[in-house]
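Q: Letter by letter, the chains look like this.
Protein chains: 2
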Amino acid sequence: MSIRDDVINMKKVAPVMAGSSIDIRNKALLLIKDSLKNNKDKIFEENKRDMDNATASGIDDAVLGRLKFDEGKLSSVLDGIDMLIGLEDPIGKVSLKRELDEDMTLTRISCPIGVIGIIFEARPDALVQISTLCVKSGNCAILKGGRETANTNRALFDIIHEAVVTAGLPDNSMKLATTHSEIDEMLNCEGYVDLIIPRGSNAFVQYIMNNTRIPVMGHADGICHIYVDEHADIDMALKIIKDAKLQYTAACNSVETILVHKSIADTFITRLKEYMIENKVCLHADDELADRYGLSHLPEKGYIEYLSPDASVKVVESLEEAVEHINTHGSHHTDSIITDCDSNAEYFMNMVDSAGVYRNCSTRFADGFRYGFGAEVGISTSKLHARGPVGLDGLVTYKYTLTGNGNIVADYAEGRRQFKYKELI
Amino acid sequence: MSIRDDVINMKKVAPVMAGSSIDIRNKALLLIKDSLKNNKDKIFEENKRDMDNATASGIDDAVLGRLKFDEGKLSSVLDGIDMLIGLEDPIGKVSLKRELDEDMTLTRISCPIGVIGIIFEARPDALVQISTLCVKSGNCAILKGGRETANTNRALFDIIHEAVVTAGLPDNSMKLATTHSEIDEMLNCEGYVDLIIPRGSNAFVQYIMNNTRIPVMGHADGICHIYVDEHADIDMALKIIKDAKLQYTAACNSVETILVHKSIADTFITRLKEYMIENKVCLHADDELADRYGLSHLPEKGYIEYLSPDASVKVVESLEEAVEHINTHGSHHTDSIITDCDSNAEYFMNMVDSAGVYRNCSTRFADGFRYGFGAEVGISTSKLHARGPVGLDGLVTYKYTLTGNGNIVADYAEGRRQFKYKELI
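Top line first, the protein sequences correspond to chains F and E.
Each step along the first sequence adds one to the number in my numbering, with nothing skipped, and position 413 is 413.
Each step along the second sequence adds one to the number in my numbering, with nothing skipped, and position 159 is 159.
If you are wondering where the hints come from, they were derived from the structure by calculation, not from laboratory data.
Check before you lean on any hint, since a few could be wrong.
[What the hints assert, rightly or not] Some residues of chain F that are not near chain E, with every Cβ distance over 10 Å (derived):
1) 24
2) 64
3) 71
4) 75
5) 179
6) 204
7) 230
8) 239
9) 264
10) 298
[What the hints assert, rightly or not] Quick list of in silico lysine-lysine cross-link-like pairs, DSSO-like style, CA-CA up to 27 Å:
11) F:73 x E:422
12) E:48 x E:73
13) F:239 x F:262
14) E:262 x F:12
15) F:242 x E:420
16) F:420 x E:239
17) E:420 x F:73
[Stated by the list, open to error] Here are the in silico distance ranges between beta carbons for each label pair:
18) E:425 x F:52: 46 to 56 Å
19) E:61 x F:103: 32 to 42 Å
20) E:288 x F:95: 40 to 50 Å
21) F:211 x E:45: 43 to 53 Å
22) F:263 x E:45: 56 to 66 Å
23) F:286 x E:49: 49 to 59 Å
24) E:37 x F:86: 50 to 60 Å
Fair warning: this is a prediction, and the values are worked out from it, not measured in the lab.
Every residue gets a Cβ at the ideal spot worked out from N, C-alpha and C, and that includes glycine.
Please work from the sequences and hints to get the whole structure.
A: Spelled out as structure tokens, the structure:
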């Protein structure tokens, strides 16, 4: 069967999935958890095949760490499933209930999005998180993981799929895509796939966005800023910058540009430079600043996303200039101000147009787990629908139901009846 | 100045607009209301020029009615502004407040989308509704109305813009585009325009969707269904079908396809045919049904959006088949079941994948005013972000703020500190 046939079948069972009770969906999660535990030896064995292949092909250690699925990763996904089971049902939440007239009631009620295509990097734990989020939120999912963990993905998917069917959810509610060409097939399934969530490199996400008419939720760049205000605690600023740059350098929420208020620039940059040398981070600045403090020069493209132990530094004349720099050159992901001044913090948090605006903490907190969402399918820098880390809330939409008693618009348009508008919640 | 320059300037003042107080935004609405009243003669005069031009060019009466801006239309937009002033501030609503740790609090807070481009048909009242919705929701707006009311649009826009500036909102927060080529310019302003809302014909909305990488909110088709269940009150069904087809035939929420359960098909179609002949509606059906009841044949493309006094009729074997027909051939806009049976209604409303699912009332109720939203910028058949009639709720997004005390991720990742997760609301 082609991907197109698969998603046509999925679209048909999507309303069944949407109408399934929370008991069945939680039961599926429980069965997934048990089955992952019971079949861990098989999973680890398949993962060993993937790891051996990866090692043989010379993949570097940092990436190998992500491919690995061991007791630690298993235990952490099981914890995630437990957390997910404990969360309230995201479906069927009533956010508006209004009597339009005595015999006609309007209700806005949350429901799943439908069929979601998720393309993610070679991280077996991501497969478990994404598929369990989709089960809990009543969505059908077509999953395409990185090929480096193809064997682990297949083992995990088969276990999850079997548990889902055993719990009583539709067979066609979940599907694993295995070949790269299936991504392009999926991108052409407009009308059947309701949403595509790509995870991976900027270039990859851009490719997806440019090659489909299906809505895409994702983020294209992660150029995060830390602005060190004139009222900053310098020690705190240095500690936070180190964490935001080095705790996981390749993450989209790591800091790339450090903005410094001119009144503290001299003291701060001197200390920052020393501290960054200790921590093997290379600082870049415009020609004037680089020459003055002996820093590296900015790359040709300016204030870029490095994803490496590099960061840009810039001196700003004012808080206002810092905000303008962030809104103009940033990627609307996550930006932090370090300041002891409440009014400056308030201005920054109001005026910075990003999914996450922080005060006195590291940009690395932008993450579904850390926010307490149980898991995330990704981080969105789009402003519509879902912004920031996307958990269950981002996987549902709503519908309006209207229940009447033969009501017709002509009666209201021609003045024979009047709307009453009484709020019921 | 080009549209691009305009939206670059708009993007700069968008945070100022977002940070403006509800008092200033309501004051702007009040000033708009007063100024529209005080300048009505000038507006009517400009509208007369548009009407004269339209009459001279031979535009038909139905369209002329939409171009007209008279005492009645003025009074209805003034009522709309009053309703809008009375609605609570859509900005700054906190939907999540969670202590991640004793010294770190996460808040999810609603904020405007930013810069919205709205392209709408030649209806001067729409210009007032759309621009006042944007003011109330703190969004910057670039407005392009139909050219047939160019003079009225200019007069209305100038009044509204002056009131907005007098109230203290930024000069660049609102702009009128006047030439058709500016639409294409706007479509190329990715990164500056956050959302485009096109209103108009299907072909036009499709053109917009196919020619921009900016998110588009709109609806491409309005193929609405009424399903007459075996447990329907036939008189009620006929009354509702007449309203849904004829109360305003050219509307996207008018009914196009009538589905009938086979067990009542004979009785119902005979009565429907008679009733529709009385009301000058032409019924279309597949060859077999058309021949049996003497109806017209379906157009070549099948169950289409007529936007005229035509409707398709189809007999279904079951409720399930009705739902499948709607989900497969419909446009996910608004669909209604006529039934006295609660369980059939519940199944229909759960399983139909549309923005509006109705019981025993006319599809024509799918409208922001009738839902009590004060006004609407349009109706969305997209499933992401906003669905159905889009009022203030659909014009806001949210951001996450995180306030800490020097918190770094490494402390949590390496086990020195634990998240506490305490809900504060």
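Q: If a hint holds in the structure, say so; if it does not, say that too.
A: Hint-by-hint comparison with the structure:
1. 24: Holds: least Cβ distance 14 Å, greater than 10 Å.
2. 64: holds, 19 Å
3. 71: holds, 17 Å
4. 75: holds, 14 Å
5. 179: holds, 27 Å
6. 204: Since the minimum Cβ distance to chain E is about 16 Å, residue 204 of chain F lies beyond 10 Å and the statement holds.
7. 230: Its Cβ never comes within 10 Å of chain E, the nearest being 18 Å, so this holds.
8. 239: The claim breaks: residue 239 of chain F does not keep its Cβ more than 10 Å from every Cβ of chain E (closest is about 6 Å).
9. 264: holds, 17 Å
10. 298: holds, 21 Å
11. F:73 x E:422: Within the cut-off at roughly 26 Å; holds.
12. E:48 x E:73: holds, 14 Å
13. F:239 x F:262: holds, 20 Å
14. E:262 x F:12: holds, 22 Å
15. F:242 x E:420: At roughly 24 Å apart (the allowed maximum being 27 Å), residue 420 of chain E and residue 242 of chain F satisfy the hint.
16. F:420 x E:239: holds, 22 Å
17. E:420 x F:73: holds, 22 Å
18. E:425 x F:52: 46 to 56 Å: holds, 50 Å
19. E:61 x F:103: 32 to 42 Å: Roughly 35 Å apart at Cβ, these two residues keep to the hinted range, so it holds.
20. E:288 x F:95: 40 to 50 Å: Because 45 Å falls inside the window, the suggested range holds.
21. F:211 x E:45: 43 to 53 Å: holds, 51 Å
22. F:263 x E:45: 56 to 66 Å: holds, 57 Å
23. F:286 x E:49: 49 to 59 Å: holds, 55 Å
24. E:37 x F:86: 50 to 60 Å: holds, 56 Å
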